[in-house]
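S.K.: Sequence:
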Amino acid sequence: MTWVTGLVGGLTGLLIALVTAPVGVSGAVFLLPVQFSVLGVPSPAVTPTNLLYNVVAGPGALLRYRRNGNAAGPLTRQLVMGTLPGVVIGAVIRVFAVPGPGVFRFIVGLLLLPLGSWLFVRTLRPPSQHLAREPSRRSITLLALAVGVVGGVYGIGGGSILGPILVGRGLPVSKVAPAALASTFFTSIVGAGTYALLALGTGDDIGPNWPLGLLCGLGGLIGGYLGARLQPRLPETTLRLTLGALAVVLGGMYIAQALG
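Numbered according to the numbering used here, the sequence shown terminates at residue 353, and the numbering increases by one at each position without gaps.
Derived from the structure by calculation, the hints contain no laboratory data.
Model, not experiment: these values are computed from the prediction.
What you were told as hints is all true, and nothing was included just to trick you.
The following label-pair restraints were derived from C-beta to C-beta distances:
1) LEU352 <-> LEU156: 41 to 49 Å
2) PRO265 <-> ARG231: 14 to 22 Å
3) THR330 <-> LEU293: 40 to 48 Å
4) LEU290 <-> GLY133: 22 to 30 Å
5) LEU203 <-> LEU293: 26 to 34 Å
Ideal Cβ positions, reconstructed from N, Cα and C, are used throughout, including at glycine.
Take the sequences, apply the hints, and build the full model.
M.R.: Given below as structure tokens:
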């Protein structure tokens, strides 16, 4: 890894986390395409590198949210209980079932397109009060388990999917954001460790790119803290629409590349 690659990775992590942390997203969902296409991280090593980014970057935003008294609570525990076992299952699937870059790009696109569409719909047309009932504790845990599996395959920890879904179901962003980030942080620790163990037992390049993951994470650590601090002052609608647009564009790009 050259110093230019490290600098680009650090700055990218900082900028992404600065924008995404206020809405409870670590930014790994948008960092992954940069690693894959710009920084040249190979597949499947790109996935554990993304999880390593979450581990390093996560405490920045969480520290700020904890100072506000929003980092811990029942919702955080429910999400962690579901995503932790899910990410281990997803890591195994990622290594042994979908290692090819073409298939990986297609999966990335299929994940980003509905995520972006969901953000757009729920931002522009919020549900009425009687339709936006808060989900039960059981449904939250089951949802977190399913998202954890997807997060383990994709390398995003799962918070970037849980956040918009829970907000769309009627939970306030101020409650969801710190819980989703906490879930992403703990899940990413388990996911990165799982990939590291799998790398010891196989000859494939499935371990994280440690230098790049650490540098991207350091940038995200700073950006996440600043983003969480600025949350009350930033226009949430604009942030959500921006995230939705990025997800749709990136998802369409990867599906086109996979099918082309």
